[in-house]
Amino acid sequence: MPVLDSYIFFDGNCADAMRFYEKTLGGKLEALMTYEQSPDPAQCPPGSAGRVMHASLKLGDRVLMASDSPAGMHKPMGGFALSLAYDSVAEAQRIFDTLGAGGQVMMPMQKTFFAETFGMTTDRFGTPWMVGGGFQQMP
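For the sequence shown, the numbering used here assigns the number 1 to the initial residue and increments by one for each residue that follows.
It should be emphasised that the hints constitute simulated quantities derived from the structure, not laboratory data. Ideal Cβ positions, reconstructed from N, Cα and C, are used throughout, including at glycine. Honestly, I wouldn't trust all of these hints.
[Claimed, not checked] With a Cα cut of at most 20 Å, we get these calculated EDC-like pairs of lysine to aspartate or glutamate:
(1) Lys-75 with Glu-30
(2) Lys-58 with Glu-36
(3) Lys-28 with Asp-40
[Unchecked claim] Distance ranges between label pairs, derived from CB positions:
(4) Ser-88 with Gly-12: 31 to 39 Å
(5) Arg-94 with Pro-70: 32 to 40 Å
(6) Pro-108 with Pro-46: 41 to 49 Å
(7) Pro-76 with Gly-50: 17 to 25 Å
(8) Pro-41 with Asp-97: 20 to 28 Å
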């Protein structure tokens, strides 16, 4: 069976975002390579030398991967959200508050029919998140 992990793109702030996620989510940043550090830096897109070519953050048994788009080619994130599920309502609230600081809350944390608490936010890096805690068993 295949493994499905997420790969997201930033506009020059990938390193800052991935370090923030490492600290906030308690993961381990396993890779962070810029275009100029690649095995063939001559293939670096113009104006992109210091941008992140690949980053990998280990979160439990999953991986969040990311990079910066080549200079001048970025499109804003949309049409998806990264989802975090916690057993603890307090931990879900803490993570939601940290991710949402400086971003935009679309749905404040609240009780739903499927979780004790659930909310949606876009962080200051433009990444959309859904965070929940105390999930109910679905029929």
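Could you work out which earlier hints the structure fails to respect and list their numbers in ascending sequence? 1, 2, 3 and 8
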